[in-house]
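With the hints as extra help, turn the sequences into a complete structure.
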Amino acid sequence: MAIDREKFPPLYRTVAANDAGLESHSYVPDGLDVLTSHPLNDAPGANPEQFIGLALSTCLNATLEAIEERRDLPHSSQVHTIVEMARDTRGFQFYLTAEVKIPGVDHETALAMVDLAERRCPVAKLIGDNDNVVVKLVTEFSAATPVEG
1 MAIDREKFPP
11 LYRTVAANDA
21 GLESHSYVPD
31 GLDVLTSHPL
41 NDAPGANPEQ
51 FIGLALSTCL
61 NATLEAIEER
71 RDLPHSSQVH
81 TIVEMARDTR
91 GFQFYLTAEV
101 KIPGVDHETA
111 LAMVDLAERR
121 CPVAKLIGDN
131 DNVVVKLVTE
141 FSAATPVEG
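Mapping of the sequence shown onto full-length UniProt numbering: position 95 corresponds to residue 95, and the numbering continues sequentially without gaps.
Since the hints were made in silico from the structure, they are not lab data. Computed from a predicted model, the values in this text were never measured in an experiment. Heads up, some of the hints might be wrong.
Restraint-style ranges between C-beta atoms, simulated for each label pair [stated by the list, open to error]: (1) 37 <-> 6: 15 to 23 Å; (2) 85 <-> 9: 31 to 39 Å; (3) 41 <-> 138: 24 to 32 Å; (4) 8 <-> 70: 17 to 25 Å; (5) 19 <-> 112: 40 to 48 Å.
Taking lysine-lysine pairs in the BS3-like style, the calculated list, with each CA pair at most 30 Å apart, reads [to be verified]: (6) 125 <-> 7; (7) 136 <-> 125; (8) 101 <-> 136; (9) 125 <-> 101.
Think of the CB as a built atom: it goes at the ideal place given N, C-alpha and C, for glycine as much as any other residue.
Structure follows, in structure tokens:
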């Protein structure tokens, strides 16, 4: 569902660029510049899997922070997103599992906060309604062991 850009004009705009492919760098003009590489090799650099994981973790936790503030709670939420890449019939796909911890908050309240954050976070809304994306409350983060190839 597209938004009405006249009713809801952009509040922020940036450019994220990559001009030379995966084995190069991605950048924000006059800002961030990140060396990039393929996730299946040992070359230094970040990859799209890491970028999408960082985007979801950061945006979801920022949304939780705002919810905590509105409830007069200290900011204690943490979000770790496990990103997995797999082959499918047309190439590759990602599986994302965002694990959320909110220490010091009872389970029911924390569940409600995660649900609200998932509905409000712009990145979660962008990638939502996808069976490959899961956001869940945890008491401990899962170990993301490397895939042996």
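**Prompt:** Okay, which hints does this one fail, numbers in order?
**Reply:** Number 1 - this is the single hint that the structure violates.
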